[in-house]
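Visitor: Chains as they are written, first to last, in my numbering: chain A, 226 to 379; chain B, 2 to 919.
Think of the hints as simulated: they come from the structure by calculation, not from any bench. Predicted model only: the values in this text are computed from it and were never measured. C-beta atoms are modelled at their ideal positions from N, C-alpha and C, and glycine is treated no differently. Be aware that one or more of the hints could be misleading.
Residues from chain A that keep clear of chain B, each with C-beta distances beyond 10 Å, as calculated [claimed, not checked]:
{"no.": "1", "residue": "Val236"}
{"no.": "2", "residue": "Phe243"}
{"no.": "3", "residue": "Gly246"}
{"no.": "4", "residue": "Met287"}
{"no.": "5", "residue": "Arg317"}
{"no.": "6", "residue": "Leu338"}
Straight line, CA to CA, 20 Å or less: simulated EDC-like cross-link-like pairs of lysine to aspartate or glutamate [as the list claims (entries may be wrong)]:
{"no.": "7", "chain 1": "B", "residue 1": "Lys817", "chain 2": "A", "residue 2": "Asp260"}
{"no.": "8", "chain 1": "A", "residue 1": "Lys280", "chain 2": "B", "residue 2": "Glu827"}
{"no.": "9", "chain 1": "A", "residue 1": "Lys297", "chain 2": "B", "residue 2": "Asp855"}
{"no.": "10", "chain 1": "A", "residue 1": "Lys298", "chain 2": "B", "residue 2": "Glu853"}
{"no.": "11", "chain 1": "A", "residue 1": "Lys298", "chain 2": "B", "residue 2": "Glu827"}
Restraint ranges, calculated between C-beta atoms of paired labels, are given here [as the list claims (entries may be wrong)]:
{"no.": "12", "chain 1": "B", "residue 1": "Lys834", "chain 2": "A", "residue 2": "Lys280", "range": "22 to 28 Å"}
{"no.": "13", "chain 1": "B", "residue 1": "Phe387", "chain 2": "A", "residue 2": "Asn333", "range": "28 to 34 Å"}
{"no.": "14", "chain 1": "A", "residue 1": "Asn333", "chain 2": "B", "residue 2": "Lys374", "range": "36 to 42 Å"}
{"no.": "15", "chain 1": "B", "residue 1": "Phe387", "chain 2": "A", "residue 2": "Arg339", "range": "28 to 34 Å"}
{"no.": "16", "chain 1": "A", "residue 1": "Leu350", "chain 2": "B", "residue 2": "Thr409", "range": "26 to 32 Å"}
{"no.": "17", "chain 1": "B", "residue 1": "Arg911", "chain 2": "A", "residue 2": "Arg339", "range": "41 to 47 Å"}
{"no.": "18", "chain 1": "A", "residue 1": "Arg339", "chain 2": "B", "residue 2": "Leu39", "range": "54 to 60 Å"}
{"no.": "19", "chain 1": "A", "residue 1": "Lys297", "chain 2": "B", "residue 2": "Ser34", "range": "42 to 48 Å"}
{"no.": "20", "chain 1": "A", "residue 1": "Arg339", "chain 2": "B", "residue 2": "Lys374", "range": "43 to 49 Å"}
{"no.": "21", "chain 1": "A", "residue 1": "Ser327", "chain 2": "B", "residue 2": "Asp410", "range": "45 to 51 Å"}
{"no.": "22", "chain 1": "B", "residue 1": "Asp410", "chain 2": "A", "residue 2": "Gly369", "range": "18 to 24 Å"}
{"no.": "23", "chain 1": "A", "residue 1": "Asp276", "chain 2": "B", "residue 2": "Asp913", "range": "30 to 36 Å"}
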Amino acid sequence: MEVGQMQRRLVDYTKSLFMEGFLDAQFLQLQQLQDESNPDFVVEVVSLFFDDSEKLLNDLTMALDQPNVDFKKVDAHVHQLKGSSSSIGAQRVKNACIAFRSFCEEQNIDATLRCLQQVKQEYYLVKNKLETMLRLEQQIVAAGGSIPMIELGF
Amino acid sequence: MVLKLQQSHHHQSVAVKGNEQMGTKRGYTFIQSNRDWLPKLILLWVMVMGFISTWIYKKMDADNNVRREEVLSSMCDQRARMLQDQFSVSVNHVHALALLVATFHYYKNPSAIDQETFAEYTARAAFERPLLSGVAYAERVVHSGREKFEKQHGWTIKAMQREPSRLRDEYAPLIFSQETISYIESLDMMSGEEDRENIVRARATGKAVLTSPFRLLGSHHLGVVLTFPVYKSKLPPKPTMEERIVATAGYLGGAIDVESLVENLLGQLAGNQAILVNVYDITNSSDPLVMYGHQNQDGDWAVVHESKLDFGDPFRKHQMICRYHQKAPTSWTALTNVFLFFVICLLVGYILYGAVIHIVKVEDDFREMQELKVRAEAADVAKSQFLATVPHEIRTPMNGMLALLLDTDLSSTQRGYAQTAQVCGKALITLINEVIDRAKIEAGKLELETVPFNIRSIFDNVLSLFSEKSRNKGVEVSRDKTNRKPSLAVFVSDKVPEMVMGDLGRFRQIITNLVGNSVKFTERGHIFVKVHLAESTQPVADTKVETCLNGGSDEGLLISSACQFKTGYEAADERNSWDSFRHLVVDEELRYDAPVNTIDEASRGITLMVSVEDTGIGIPLIVQDRVFTPFMQADSSTSRNYGGTGIGLSITKCLVELMGGHISFISRPQVGSTFSFTTVFKRCNKASYNDTKKSIVELPSGFKGLKAIVVDGKPGKQNGHVFKLPKVILLAKNITNVELEKAKAAGFADTVIMKPMRASMAAACLQQVLGIGKKRQAGKDMLNGSPVLHGLLCGKKILVVDDNMAHQRVFAGALKKFGAAVECRESGKAALKLLQLPCCFYACFMDIQMPEMDGFEATHPIRMMESKANEQMNGGMDEDSGRKGEWHVPILAMTADVIHATYDECLKCRMDGCVEAL
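Throw the hints in and build the complete structure from the sequences for me.
Guide: As structure tokens, this is what we get:
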């Protein structure tokens with residue numbers, strides 16, 4: 226594929242992510258933080274987010290599987306997840322976490338289980354999207370092009 | 002990443018707490034603290050009053066009784082005295098009788114009295130002795146003379162039992178008797194024990210002697226027998242008892258009917274029914290004998306009076322006892338008085354109780370109100386916080402947006418648009434702030450700031466903000482090509498200094514309001530804003546206009562070919578119309594050339610006169626005096642057609658007056674309005690404005706001296722802006738990309754400037770064309786004035802502590818972007834190790850919620866360590882006085898939810914601040 230075409234695709238794809246609300250302004254800031262001195266910043270942070278989230282989701286699943294659910298622990302996990310997701314701008318995961326936490330306060334097991342599913346779903350979606358995007362970027366870099374700056378009026 | 006310091010919230014919460022403390026401190030009055038005792042107190046009061054009432058009643062009753070007793074005693078004494086008198090009268094009569102017997106029986110010889118005479122005399126003199134049932138005389142007969150005596154009288158001496166008397170020493174047979182008691186004749190009075198005793202006593206004393214009371218034989222009334230001695234011979238003046246006994250000749254006796262006596266006596270006196278009288282013989286004090294009255298008659302035994310009676314017999318004692326017939330009647334007066342007193346006391350108690358209860362209630366209400374007040378104030382604070390935060394929340398993304406706008410290389414059209422967008426955005430931010438200002442004005446808390454600013458830039462910004470609006474409006478309203486939109490122009494006199502000190506925001510607000518109004522209500526013609534010094538408002542007449550291009554400054558671009566600007570519409574205020582303006586310009590130019598005495602003016606303030614003239618619909622005459630009243634528009638159709646709340650002008654007026662000026666207007670319906678106002682600014686000294694950050698888009702001064710010709714086909718429009726060849730700039734109102742391409746293809750223009758002309762846009766355009774590159778100046782503004790931050794953080798070591806890896810990386814990335822050297826740690830413990838003294842960190846950002854050791858816990862040992870080190874250092878000051886300062890690493894908490902509690906907690910743990918991290 227031609228570099229220009231790939232660049233355009235990347236831009237369109239990224240825009241669609243913003244349009245559909247997967248990402249928010251935070252991700253843009255993240256991208257702005259990446260420069261020559263720190264070329265892999267976004268990838269680094271995003272993979273950190275993936276690792277962190279996988280671990281947390283596992284913990285959450287385990288915690289909610291217990292006969293006596295420790296809601297304090299669950300809440301702490303969700304808080305962590307919310308922090309991670311908001312720091313990379315994964316808006317929908319963050320929102321799902323907020324709902325999750327409110328049900329944690331109510332100690333509503335059914336709702337929390339539903340929320341867990343929701344969070345998982347959002348997480349896998351955004352993970353998929355981000356991976357696709359990062360793959361595109363890598364391809365562009367591999368093809369010798371530069372990654373276009375995304376400008377969005379949000 | 003959104004960083005926010007939560008300083009203001011903290012202050013507000015402190016204020017609220019202060020109020021609460023005030024609320025609890027007050028209101029603990031004596032009554033309030035003893036409120037539980039109130040029912041007991043009222044009970045005690047009632048009881049005490051009851052006792053007092055009873056006591057008063059007792060006292061009054063006792064007084065009554067004393068009076069009753071006094072009455073009784075006086076009555077009793079009176080009766081006793083009278084009885085005594087009557088009795089003594091009877092005794093005296095008996096005495097007289099005795100003397101009669103002595104005189105006529107013994108001193109005459111032979112005796113002048115016999116039974117017949119005696120009986121007759123006594124019967125006829127009986128009226129004198131009404132109480133004596135009868136009198137009799139017994140002669141003393143010694144045993145030796147008995148026979149002689151019996152022989153002389155012809156009967157034997159009989160004893161009481163009517164048999165011949167037994168032998169004794171002496172006898173006392175009755176010889177004379179009244180007819181009423183003639184049946185006792187010849188009885189020996191000595192035979193009765195009592196009589197004998199009486200007789201012996203009587204002859205020994207020579208006085209009347211009484212027997213104890215007994216039932217009289219005839220009447221069965223109680224009576225006594227009175228015995229009087231009769232002596233044979235005259236006694237010596239002071240006779241002894243023996244002499245008396247020897248001299249005794251006989252005894253005169255009479256029975257006194259005491260009962261009748263007392264009965265008579267009482268009958269004569271008033272109040273007889275009220276009292277009971279008893280007369281006793283108390284010679285034997287242990288066994289009083291009744292002389293009168295019934296012993297067991299009912300009566301009031303409570304009040305008894307005893308009066309002594311002296312019937313003249315020294316051996317017998319008599320006594321009169323009086324008491325009331327009936328028990329003391331209940332004293333109704335006393336009872337009523339006491340009852341009233343008690344009722345009054347009850348009422349007083351009730352009133353006091355009611356008052357106290359009322360006080361308690363009022364105090365309770367007061368406290369409740371205070372609570373409510375505190376709550377209301379908290380709500381108010383919350384509202385203020387909301388007002389303070391929401392615009393802040395809007396502004397933050399706005400800043401991001403605006404920062405990105407000019408981040409890339411743009412063509413001049415794009416740059417112009419982008420600049421407009423940016424300026425609009427900034428104006429929007431300003432407007433958001435103005436929302437808060439409105440509330441502030443209403444609360445009277447608006448404070449003016451004093452910052453240096455460029456007046457021309459402000460007008461430039463405002464113009465650009467409204468040019469878009471007016472352009473759209475022009476297209477919508479009318480298809481008429483020549484008059485399809487109002488022209489918008491600003492003139493700033495050269496005499497107005499470039500920089501002044503004053504409140505930029507408020508000034509802009511005033512201008513925005515006035516120009517906004519004008520734009521809103523003007524569909525054709527022009528809107529013209531004129532600014533000059535208040536001193537130079539008088540237009541100079543008869544000045545010929547030679548040149549209108551003011552090449553000396555940037556504003557020349559705006560006002561070029563001024564003579565042609567007039568759009569053919571009359572303005573409301575002729576003074577401000579273009580003709581005078583023309584003169585003004587020339588006048589000012591002339592004055593400008595001449596050396597002006599500006600030195601003394603430097604110290605004074607500058608009074609600016611701003612007028613906004615439009616050719617709009619004007620203000621109807623009837624509402625002209627209400628224009629500055631809040632929420633007032635000409636009529637309801639105005640708001641329907643033009644929108645708005647009608648508060649703008651009132652705010653404007655407030656602001657103008659706050660800034661030391663005043664506002665006025667001239668308006669003619671269907672012709673237009675001219676609003677003029679004055680403001681006072683401080684002169685800006687160079688030093689102060691060099692220091693300040695120049696946030697406004699600077700107008701480059703590189704064009705000074707360049708000559709430009711503005712060509713505009715239509716009168717009133719400057720179309721075609723010809724610069725020094727070969728640079729050609731096309732001025733257009735609305736131009737499509739296709740047209741632009743066309744124009745470029747024709748080689749006609751180097752660039753296009755969208756109308757209306759704005760100084761900044763023209764400058765940007767010229768920069769592009771002339772190659773005076775402004776190297777992405779605006780781009781640097783990204784992330785909230787990052788150059789400043791960059792300078793602040795460059796090379797500084799900063800520690801970031803966060804267990805959330807992703808978060809940590811992002812935060813670190815952001816700080817690195819500003820040139821800081823960032824260290825990261827995942828836990829409080831790790832951070833502690835790193836922060837051991839001496840440490841070289843410039844600052845430490847710490848997440849609050851971390852497992853094992855959270856931010857608060859981690860801060861504590863650090864502060865402990867530091868204070869210890871500081872103490873040691875201060876202790877060793879003498880040796881090492883050179884080293885001053887203290888260990889104190891600024892620790893900032895990071896948290897997603899900054900609420901008051903969190904912030905307060907942070908300060909409590911001696912952190913230095915709180916950062917809201919997304």
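Visitor: Evaluate each hint against the coordinates.
Guide: Outcome of the hint check:
no., hint, result
1, Val236, "holds, 13 Å"
2, Phe243, "holds, 13 Å"
3, Gly246, "holds, 15 Å"
4, Met287, "holds, 16 Å"
5, Arg317, "holds, 15 Å"
6, Leu338, "holds, 24 Å"
7, Lys817(B) <-> Asp260(A), "holds, 10 Å"
8, Lys280(A) <-> Glu827(B), "holds, 16 Å"
9, Lys297(A) <-> Asp855(B), "holds, 16 Å"
10, Lys298(A) <-> Glu853(B), "holds, 13 Å"
11, Lys298(A) <-> Glu827(B), "holds, 19 Å"
12, Lys834(B) <-> Lys280(A): 22 to 28 Å, "holds, 25 Å"
13, Phe387(B) <-> Asn333(A): 28 to 34 Å, "holds, 29 Å"
14, Asn333(A) <-> Lys374(B): 36 to 42 Å, "holds, 38 Å"
15, Phe387(B) <-> Arg339(A): 28 to 34 Å, "holds, 32 Å"
16, Leu350(A) <-> Thr409(B): 26 to 32 Å, "holds, 31 Å"
17, Arg911(B) <-> Arg339(A): 41 to 47 Å, "holds, 43 Å"
18, Arg339(A) <-> Leu39(B): 54 to 60 Å, "holds, 59 Å"
19, Lys297(A) <-> Ser34(B): 42 to 48 Å, "holds, 44 Å"
20, Arg339(A) <-> Lys374(B): 43 to 49 Å, "holds, 44 Å"
21, Ser327(A) <-> Asp410(B): 45 to 51 Å, "holds, 47 Å"
22, Asp410(B) <-> Gly369(A): 18 to 24 Å, "holds, 22 Å"
23, Asp276(A) <-> Asp913(B): 30 to 36 Å, "holds, 32 Å"
The structure shown violates none of the earlier numbered hints.
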